[in-house]
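Student: Quick mapping for you: the protein sequence lines, in order, are chains A and B.
FYI, in this note's numbering the residues of the first sequence are 1 to 478.
FYI, in this note's numbering the residues of the second sequence are 1 to 254.
These are computed hints drawn from the structure, not numbers from a lab.
Treat the hints with caution; some may be incorrect.
Unchecked claim - Listed next, the in silico SDA-like pairs over lysine to any residue satisfying Cα-Cα at most 25 Å (straight line):
| hint | chain 1 | residue 1 | chain 2 | residue 2 |
| --- | --- | --- | --- | --- |
| 1 | A | K132 | B | E49 |
| 2 | B | K201 | A | S145 |
| 3 | A | K314 | A | A283 |
| 4 | B | K2 | B | K202 |
| 5 | A | K356 | B | L26 |
| 6 | B | K197 | A | A283 |
| 7 | B | K30 | A | A382 |
| 8 | B | K200 | A | D153 |
| 9 | B | K197 | B | I83 |
| 10 | A | K212 | A | W119 |
| 11 | B | K48 | B | A165 |
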Amino acid sequence: HRHQKLLLYWHSIDFFHYFFRSDIYYKASHLSRVEIHQHNSVHIKNPILEITMSLQTISRRLLSRSTATLVSKKSKPLVTTMATRSYLSHSQLPEEHKMIYDMCRSFADNELSPNAGEWDKKHEFPTDAVTKLAELGMMGINVSSDFGGSEMDALSYAIAMEEISRGCASVGVIMSAHNSLYLYPIDTWGTDAQKEQFVEPYATCAHGDGLKVGCFGLSEPGNGSDAGAASTTATLDGDEWVLNGTKAWITNAHEASAAVVFATTDKDLKHKGISAFIVPMDAEGFSLGAKEDKLGIRASSTANLIMDQVRIPKDYLLGEQGQGFKIAMQTLDGGRIGVAGQALGIASASIDVAAKYALEREAFGKPIAQLQSIQNKLSAMAVARDSARLLTWRAAMLKDNKERFVREAAMAKLAASEAATMCAHQAIQVLGGMGYVSDMPAERHYRDARITEIYEGTSEIQHLVIAGDLFKEYKQAS
Amino acid sequence: MKILVGVKRVVDYAVRVRVANNTIDLSNIKMSMNPFCEIAVEQAVRMKESKQASEVIAVTIGPSKGGTETLRTALAMGCDRAIHITTEQRTDFLEVQPRAVSKIFQSLVQEEDPSLVLLGKQGIDSDCGQVGPMLAGMLGWPQITFAASMEGDSDKLTLDRETDAGTETLEVQLPSVVTCDLRLNEPRYATLPNIMKAKKKKVDVRDISTFADLDLEPHLQVLEITEPPPRQAGVMVESVDELVDKLQNEAKVI
């Protein structure tokens, strides 16, 4: 009986949070929302509770909006509710997330940080390190164990991305492009046959044929942000699709053996004419452009994918015809959490190098860490990084709770990438002349950070996504 | 063959400890598994993978919250199950001392009947290195300390033992206690699937008070803890004769 009362109390408080969250159930009635909420959270079937909740719902419906707001302001905000798990710091994380954090951190310290400078200088893909990551299950982190993956949640992915990227940002992007952009769409929209062929061998190294990496072909020389204007074409010829066109700026191009490619079957339908295809990169007519000579993340290869009459079997269509744009957009939502993680890693690495240096370097008779200008900088860097981290964790936790997270993911990526560039910029400033030379990693962090504001949706696009979602909320309310 | 592995939760090796009031302040300090215990766990897991061992049990003595983290790491590396002896007392020699640890392990060995007990050679907090030899003495088992390599089967092991004078190769009949040194192996990172599997593995939690009939009171009292003297700058010498003179008369090493 006391347990029931406690449940009622928890539910009644949480109900108001639910009432004001904009979510995918916005068209559902209050009654159904309470039912869904209860179904999601508590596995106790209690008809008396359900009836009581329904009566409560009806009576609350009769209250005016202002009264409802007043009541919700009075109730204590819960950090942890029964339906929504919410973690705000590393110490609050569940055991397995802490273990992932520790493992990734020591992997980055031992295997990545010591070599990242060398890989950057030589523009060298770190095959051994990435193979070790694959053996640890990090190159199939969200894939279900049925297809060889580690079946971890988005929060684990965000934490892993931050710690790995802290060691080497290039390895971070290799990992994120492979997990979010290649594996996720096939794992989500693929048939079992497609998953067996294109997910399982790529999620794990267990097949003995070494590391298998995938890539994502959306951007073209003629369009990046304007993804709907794709000009790569796909024509059905008998029981084969014939692909023609060029994709630009493709991460992992030179190491990947399969690609998720977006092509249009009917340009007149604009973005509704785009479909997603799985393309084995050893197909005839498929070639790669030269590796781009980039400012940063130089250990990862970026190049054009050139398709000249590339033929693929009919059943390599991913999802339904015309569904491509939606697949791309939803894939990028999840990818933004990964890139936010990468940007956080770069920001953290910058703070590490700046703080350690400031404690040792002396000027005007004392360590520069005692000077206010330096303290102000480090403080601003830490606030920017920590706020971006909270935004990233929020987006990841919403995704894990199967709630709509489009706006939050865009906010996380926007904040984290701007934090990365700011932290890297200030880290060079703190290091002074030493920040400008390759003896210290600050200059590499500066170069690595810059791309995070550009790829997977430029900051400008993120603003559009956030504003669009924000206005939608107000339009609904009125 | 069953293997019992001792795992100690210590101050993380990278942390700079501070001495205050004749004690080390452990609040808000990062703790992790003793590096030599990691090597012991890795060795046990390798023996299981090569089918020499059938079961690996990890044991720790530590606080209820922190101890489970250490055991989950051991389970994620590949141990089958774990035993957690909970105590809120300090396990860094100040309160729970090697004699007490050895007695608890003796009791567990009598209960679990393993053929091999693997331990780290010493804890990096107390640097005692006593539990291995003490436990062997209490059990009447042979002991090999500072093992740098290990081969064998379910009856006997051939080990290289590191000493200051060099390496000696020894053969030992099981059951035996072996303490592991740095060069024995390189511990693995826990893979993500294993981290998830570790959640489901059994951890048997018992309070240290259940061993009250064993005399666990510390017999040694710590009188003083001081930091080592700060590192002095070196001295430049002009000639070999001067060097020899200083070594003989000042440092007194020759």
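Student: Could you tell me which of the hints above the structure violates, numbers in ascending order?
Tutor: Violated hints: 6 and 11; rest satisfied.
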